[in-house]
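There are 2 protein chains.
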Amino acid sequence: MSAYAPDERSKAKRYAKNVTYDKDEIQSILAAQPLLHVAFNAAPSDPSTPQFPTILPMLGALGTHASDPEPHIYLHGSSVARLSRLTSNTGPTGLPVCVSSTILDGYVLALSPYNHSCNYRSAVIFGHATFVTDADEALWAMELLTNQVTPSRWANSRTPPTRAEMTATAILKVRIETASAKRRARGPESDRKDAKDAETVARVWTGVVPVYQVLGEPVEAPDNAVKEVPGYVQQWTESESRKAREIALEGATG
Amino acid sequence: MSAYAPDERSKAKRYAKNVTYDKDEIQSILAAQPLLHVAFNAAPSDPSTPQFPTILPMLGALGTHASDPEPHIYLHGSSVARLSRLTSNTGPTGLPVCVSSTILDGYVLALSPYNHSCNYRSAVIFGHATFVTDADEALWAMELLTNQVTPSRWANSRTPPTRAEMTATAILKVRIETASAKRRARGPESDRKDAKDAETVARVWTGVVPVYQVLGEPVEAPDNAVKEVPGYVQQWTESESRKAREIALEGATG
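Those protein sequence lines, which keep their order, are chains F and U. All residue numbers for the first sequence refer to this note's numbering, where the first residue is 61 and numbers rise by one. All residue numbers for the second sequence refer to this note's numbering, where the first residue is 61 and numbers rise by one.
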């Protein structure tokens with residue numbers, strides 16, 4: 061087990077019992093789903109106005125390119141266009157970003173609202189983002205991102221990208237400089253005084269409502285010509301839905 | 061129809077056709093689910109180091125208190141503790157924050173990876189966050205937040221909060237100064253050249269995989285004494301799951 065070194069950016073001050081810096085845990089939360097939230101600072105045109113961060117939802121994937129000793133986060137999405145103007149001014153060091161991956165696994169209902177909670181997995185990563193400029197790495201990252209969303213899709217769609225597509229696709233690479241993760245996976249913990257109050261206990265239902273994301277039955281496009289849903293699509297939707305449901309149910313009874 | 065005034069923080073420069081500043085649309089995305097991502101700038105102890113934003117996942121609800129003409133976002137969660145140290149230094153104006161609400165509705169599979177996309181609803185809000193200090197507003201906001209997650213839960217759990225619970229609960233209130241929303245809800249749009257290529261069309265399945273969040277069968281706590289799952293819990297889980305599925309399916313065929 062190895063860990064990211066906590067620093068001022070990632071170190072938790074409260075509820076430290078739920079926090080880990082373990083690399084495997086953080087990387088598994090990143091790998092569990094591709095929807096990430098990315099925050100960065102766009103310098104206001106008037107420097108006297110307060111600095112607001114901007115959050116953009118993006119698709120991302122964790123991967124280790126042959127040229128790197130450690131996995132990086134690769135980001136893609138139309139939003140990258142907006143970031144590109146910012147990072148172009150940041151030089152080779154890159155743009156300071158925060159990347160967040162959050163999976164909600166359940167709503168936890170205790171006797172009092174104060175003790176209500178959620179089951180979840182959350183990873184927060186800090187590092188500098190730079191554009192992928194190497195053509196080989198860019199192509200590799202496109203395949204990584206495509207297959208992170210839908211396993212085997214790269215080989216089963218029209219690839220490689222055209223030169224125009226390559227030029228129009230901006231991919232950001234985030235170095236993981238420090239990171240932390242939190243997880244909650246258990247039932248409600250009610251106040252002792254409430255638990256001894258017969259009227260409250262008799263009246264208030266307590267437990268966990270498991271929450272999980274389902275990838276539903278694929279809906280073909282009007283001009284789709286492949287008659288059956290391919291096995292790799294069917295397996296992906298079923299396996300993702302089953303995994304999410306299992307984790308939610310484990311947390312509810314944990 | 062009224063709209064938030066776009067400014068430098070929220071104005072989209074690209075893909076403007078998908079962007080709206082419409083208040084109803086932005087507020088409906090906020091109301092659709094309680095999991096929000098909140099970004100803010102924690103000043104580094106060494107001012108010469110680069111400014112990294114921090115993202116924290118939090119539960120939130122949109123609501124209009126009797127003292128306000130417009131709805132605000134109310135935030136709650138253990139993470140608020142971390143923010144409290146920051147906001148205490150920001151004075152009455154509050155802390156500049158960005159709040160993001162994102163709902164993934166589907167994965168869109170086109171002929172080429174370049175044309176792959178997602179169906180989604182996304183709202184990004186900018187404003188200053190201040191602590192709720194008025195005791196009446198704090199109590200009202202606790203009820204709002206509890207019922208935003210689980211409708212009718214406030215009346216069906218042990219309320220009101222004790223004095224100690226009130227003191228230990230920090231609630232943040234975000235003024236919506238500017239905001240934007242994006243939505244995609246349609247099938248794949250493949251490249252014309254790909255669509256004319258018989259080999260590609262015959263080989264590559266295209267369509268949408270609907271994605272939706274399910275609130276599963278409630279799991280009672282070991283010490284729960286209410287024999288049946290209450291109607292308001294059952295209705296909530298069924299109605300949320302059905303709504304999310306319907307929107308995902310509409311987008312897949314839209």
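Calculated directly from the structure, the hints in this document are not laboratory data. Do not rely on the hints blindly, as some may be mistaken.
Identical copies carry no separate label here, and so any pair may be met within one copy or between two of them.
Listed next, the in silico SDA-like pairs over lysine to any residue satisfying Cα-Cα at most 20 Å (straight line) [stated by the list, open to error]:
1) LYS303 with ALA65
2) LYS71 with ARG235
3) LYS77 with ASN175
4) LYS253 with PRO156
5) LYS77 with ARG244
6) LYS83 with GLU68
7) LYS256 with ASN216
8) LYS303 with LEU164
9) LYS256 with GLU225
10) LYS83 with GLU237
11) LYS303 with PRO211
12) LYS77 with ALA228
13) LYS303 with GLU277
14) LYS303 with GLY276
15) LYS83 with THR124
Hints, verified against the model:
1. LYS303 with ALA65: neither (30 Å within a copy, 42 Å between copies)
2. LYS71 with ARG235: within (18 Å within a copy, 28 Å between copies)
3. LYS77 with ASN175: So LYS77 and ASN175 pass the 20 Å test inside one copy only (17 Å; across, 44 Å).
4. LYS253 with PRO156: Cα proximity of LYS253 and PRO156: none, with 47 Å in one copy and 39 Å across.
5. LYS77 with ARG244: Within one copy only: 10 Å inside a chain, 39 Å across chains, cut-off 20 Å.
6. LYS83 with GLU68: within (18 Å within a copy, 37 Å between copies)
7. LYS256 with ASN216: For LYS256 and ASN216, the Cα distance is within 20 Å only across copies (17 Å; inside one copy 60 Å).
8. LYS303 with LEU164: both (13 Å within a copy, 18 Å between copies)
9. LYS256 with GLU225: So LYS256 and GLU225 pass the 20 Å test across copies only (18 Å; inside, 65 Å).
10. LYS83 with GLU237: Answer is within; shortest intra-copy Cα gap is 12 Å, inter-copy 38 Å.
11. LYS303 with PRO211: within (15 Å within a copy, 28 Å between copies)
12. LYS77 with ALA228: between (45 Å within a copy, 19 Å between copies)
13. LYS303 with GLU277: both (16 Å within a copy, 16 Å between copies)
14. LYS303 with GLY276: both (14 Å within a copy, 14 Å between copies)
15. LYS83 with THR124: For LYS83 and THR124, the Cα distance is within 20 Å only inside one copy (14 Å; across copies 42 Å).
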